[in-house]
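These protein sequence lines map, in sequence, to chains A and B. Numbering follows my numbering, in which position 42 of the first sequence is assigned residue number 42; successive positions increment by one, without gaps. Numbering follows my numbering, in which position 126 of the second sequence is assigned residue number 126; successive positions increment by one, without gaps.
Warning: the hint list may mix true and false statements.
Covered stretches of chain B (in silico footprint by chain A; criterion: 3 or more residues with CB under 8 angstroms from a CB of chain A, positions within the stretch not fixed) [unchecked claim]:
1. 19-33
2. 39-47
Here are the simulated EDC-like cross-link-like pairs (lysine to aspartate or glutamate), alpha carbons at most 16 angstroms apart as the crow flies [stated by the list, open to error]:
3. K40/B - E50/A
4. K40/B - E51/A
5. K40/B - D48/A
Hint data in this document are derived by calculation from the structure and do not stem from the laboratory. Virtual Cβ for every residue (Gly too), placed ideally from N, Cα, C.
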Amino acid sequence: MRGAALLIACVSLASCAPEVNLDADLRQASGRAQHQTAPASIPVYAGDVEEPYDVLGDVEVIVRQQSALGEEPTRDDAVRALREQAGRLGAHAIVMLSFGEPGVSFWSYHELRAHGRAIRYR
Amino acid sequence: MDARSATASLLLAALAGCTATSPPPLPPRRVAFAQPPAQKAPRPPDIARSADPPVVDERYTGWILLADLVAIAPLVRWMGRPEDIYLAAPSLILPPVIHVLHGQPQSAGLSFTLRLAMLGGLYLAGRSAESECDDSDEYICVPVGSFFIADAVLVTAITIDSIFLARRRREVDGWRRLPVLPVGPDGRPGLSLGGRF
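If we strip away everything but chain A, and leave its shape as in the complex, we get:
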């Protein structure tokens, strides 16, 4: 019973920060990088770039507000999560960034989806 109470308390506290759900699609990927890149310095573009590149994968994030008392997720939260996923892949940039309409979902009071293509310059 005590364990259950502890679990409930942990879950309640954890739900105050936005929850990030990651997804990735490798159908368009042309290869994988050897090294990771620093996520904070990965540039993000809404459109495409002219410099030749290889595609590492399409990355998607869903940022969710977990409880009525939790923080409402922002586009910055979504971009930060995208950069982390792209950095893990060794991306030089994220192109074609786009956002869905924020709103209520089956899982959350407030949800925001974003995706982009992680690329590495040749």
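Chain A is already provided as a structure; the job is to place chain B on it using the hints.
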């Protein structure tokens, strides 16, 4: 309205309440590039760690709910016959087994603990219902208080297990089969051989 159409209506109502949308799909991979610009775009520095596969977060809520659906009838019978412990076994064992099958032993342990606590709560609620009815002089006894306690215990355990524990983060399949992109010592492309098996 039968049970199936009522369930469908409820599901439709729940989905209609969802207002969040997905972004538009990304176009196919670009293969042809015009003359590259004279000035190179800024590149973030590589860090001394091998690239990791992308990860995906998954939920398997449906499997846990299905297990509970299977286990709930014997569990309710167990409340009236606590000596038949096998009636409580599906509810205690099935959800942790599903966590293990999804590669989440930690969640399985938490789920098992949660289920044990739930069974303890239900046992107490069952005994409370018995004593409530033993003290009652009415012909038909409805132990409302104990029913509420049992319901709250059951719903809490199933909600925590299916929503908060039934999820995992795993590598995306196929990443390791992709060819490694060639990079020379000076950062220029070189030649490499890749293959899919």
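Run through the hints listed earlier and report the numbers of any the structure violates, in increasing order. Of the numbered hints given earlier, the structure breaks none, since each of them holds.
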